[in-house]
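Peer 1: These are the residues of each chain, in order.
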Amino acid sequence: MQINLRHKGSVIILDIEGNLVGPNTIELKKIIDDQIRTADHEPVFMVLNLERVQMMDSSGLGVIVAAYASVRRDNGRVVLLNIGGNIRSLIVMAKLVTIFDRYETEAEAIASFL
Amino acid sequence: MGEKKQLRIFLSLPSTMQLIYLLDTIISDILREMKFNEEAQEHVNLAVIEAGTNAIKHGNKEDTDKTATFEFLIDDDKLTVIITDEGPGFEREEVANPLEPENLLKSSGRGLFLMEACMDQVEYEAKGTIVKMVKYK
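Protein sequences appear in the order of chains A and B. With our numbering applied, the first sequence corresponds to residues 208 to 321, in that order. With our numbering applied, the second sequence corresponds to residues 104 to 240, in that order.
Extracted from the complex, chain B is given alone in its bound form (with noise of 0.2 Å):
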């Protein structure tokens, strides 16, 4: 018996924060499909909205002209999302650490950190531009 093949998912999103809510309703799908247990259903469509406000709006600067895209790789044993933006990117580094006690009551600065608890892997590509997340079951 061979492993079953890779399902491979394509979006690509003009650069409007409206759209996010149609970004919810397909990785919900997703993972319901995929059987992933409910906390992990939870965190990986909280990681994915961050993602996406992150590409949509720090990235593309909500200019509907660019484009987010959104590639999802179903395996039997995880889900990868690939996000990419037309944005300038940006260096991981320079992101302060919301959890330190200057940063805990700023009203912003958590997406790339939530994004991380939430999954199993996270990597940035292309000076951010292309994030990278997996999470297994």
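Bound-form chain A, shown alone (with noise of 0.2 Å):
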């Protein structure tokens, strides 16, 4: 599992490549977790890239949960890019898809906090 971190403006960007499965998963949230904690309250705007996410459980499902929940409670929010046909089947399937805005390019997801 490789999670690249990178800043355009005040957008957060993870570059995720890897299953999103079972302790995989806690890199992931330590991540989200120092982001948030770092931005002490302010605002957070976050875009999970899951272009190279083959596969995610519902350990991942649960790390993109709780992020989703914690930076809405100071007005902030995290959006998905390039999910593949795996992970949208599975973001349908836990009713999902009404929480997270989805995008198919960078542009469009940065666009989107706009």
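Be careful, since some hints might not be right.
Calculated cross-link-like contacts (lysine to aspartate or glutamate; reagent style DMTMM-like; alpha-carbon spacing at most 25 Å) [to be verified]: (1) Lys209(B) to Asp240(A); (2) Lys230(B) to Asp168(B); (3) Lys302(A) to Glu205(B); (4) Lys302(A) to Glu145(B); (5) Lys237(A) to Asp166(B); (6) Lys236(A) to Glu205(B); (7) Lys236(A) to Asp166(B); (8) Lys236(A) to Glu258(A); (9) Lys302(A) to Glu219(B); (10) Lys236(A) to Asp127(B).
Since the hints were made in silico from the structure, they are not lab data.
Dock chain to chain to rebuild the complex, using the hints, since each chain is given by itself in its own frame.
Peer 2: See the structure below:
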């Protein structure tokens, strides 16, 4: 599992590579929690780029749902970028399509915060 | 011509979550060999990982002195997976529905739901310490 953290203006972008399954999800949770803590209750705008994530389980879903709920408390947002068919069907199955905004390009995802 | 004999693969794992990836490798190979379609492969893989996580993490509390077992029964038309743990068990009816609006933003509690959504049959025996899942081709 590899996670690359980037900033574009005030937007945090996490490029995630590998399967978001089991203990792999702990690293992502730690990075997200660190970013939220650093923001110190300022709104966090975060893009999770899932282009290179082939598989996600309930632990992975739990991490991104927790991120969504945490940043929302301070009027921030978490959006998903480039989700593949597997992840899309998982999100549909878990009824989370209405929760997460999803984008096909990074520019669209960033523009959604403006 | 008689039916092909059932093939049985048995796996016994100490309860550490690091071994979930071994489980992933084994079930992926079985599914490819059985020529399940791609969507079914993804679904069974996810269900087995969820059941393994439940057994190792929630059942056996990651106690490496306790064992989680995985039995794969391969037939022409279906795959049966039987998972056991040494935990205290649980009552399925007491596990909240993760699709209810008040549960949607909870960070856990989706494992059983995903297993049941991904497989054709899921049965819980011995207070949930034995889980039997079936996927038809």
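Peer 1: Please name the hints from earlier in the document that this structure breaks, with their numbers sorted from lowest to highest.
Peer 2: Of the numbered hints, all hold.
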